[in-house]
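Participant: Sequence:
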Amino acid sequence: MNGSGDERVTALRRGEGWTAWRQIADELTADIEAGRLAAGAQLPTEAALAARFGVNRHTVRRALAGLSERGLVRAAQGRGTFVEAPRLAYPIGRRTRFSEIVSQAGREAWGDLLAAAAVPADAATAEALDVAPGAPILELLTRHLADGVPLSTARTCLPLPRFSGFDRRYADLGSLTRAYAAHGVADYSRLATRIGARPAAADEAARLDMAPGRVLLAVTSVNVDPDGARIQATRSLFVADRVELVIEP
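With the UniProt record's numbering applied, the sequence shown covers 1 to 249.
Derived DEER-like restraints, expressed as beta-carbon distance ranges:
#	residue 1	residue 2	range
1	Gly213	Ala118	30 to 36 Å
2	Arg36	Ala118	48 to 54 Å
3	Gly80	Ala34	17 to 23 Å
4	Ala115	Thr19	37 to 43 Å
Treat the hints as calculated values from the structure; they're not laboratory data. By construction, the Cβ of each residue, glycine as well, lies at the ideal position given by its N, Cα and C atoms.
Work the whole structure out from these sequences, hints included.
Facilitator: In structure tokens, the structure reads:
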């Protein structure tokens, strides 16, 4: 079943205290759970769903919003609504590599560079990178995807001038690990990780193709090179419905 349409007609219960949008949401949930709508599948268009259930598009949109709030579907701007894939197990330990984790799960990994700027380090970032407050750092805003589905977005800071030009390498390679290798850092490891959670702000939700207010897992981390020098301070925001963080020793 996909956006090309669904020929079925489903009659809704009327006058029994059941709202139309909730009945539609329940029917679509049943389709997902039964595998009639598989993970990654595109839902029929709003027009097709409205015809199937004999309602207007506003009612269909309310039903889809309910499914999105529950983490069952995601709306991709300009492309339609898709069934969410199962959560990806995401190990966090001394060696954490987004590309490797996603690839080992049989999915294609990529990182988008959304913005980059040289800025003075604030107090928290300066402490994380072991530099003086106000020292120049390179700040990256990125988004990380598996099979084209956003899993996380991040603010990553690296010390300057050591990592001058790193943003261009990342934009070309789509991976921190590959960008580090191109920059002469063959390996790196996790020094510290802290995990929290909070609702998604509107701009974060738009960036991650998710409903505002859904839960984000906030992961703050510091990485070091083989000599122990601090090279990266990152605050990542993971979509809680799409990943399962696994803490490794």
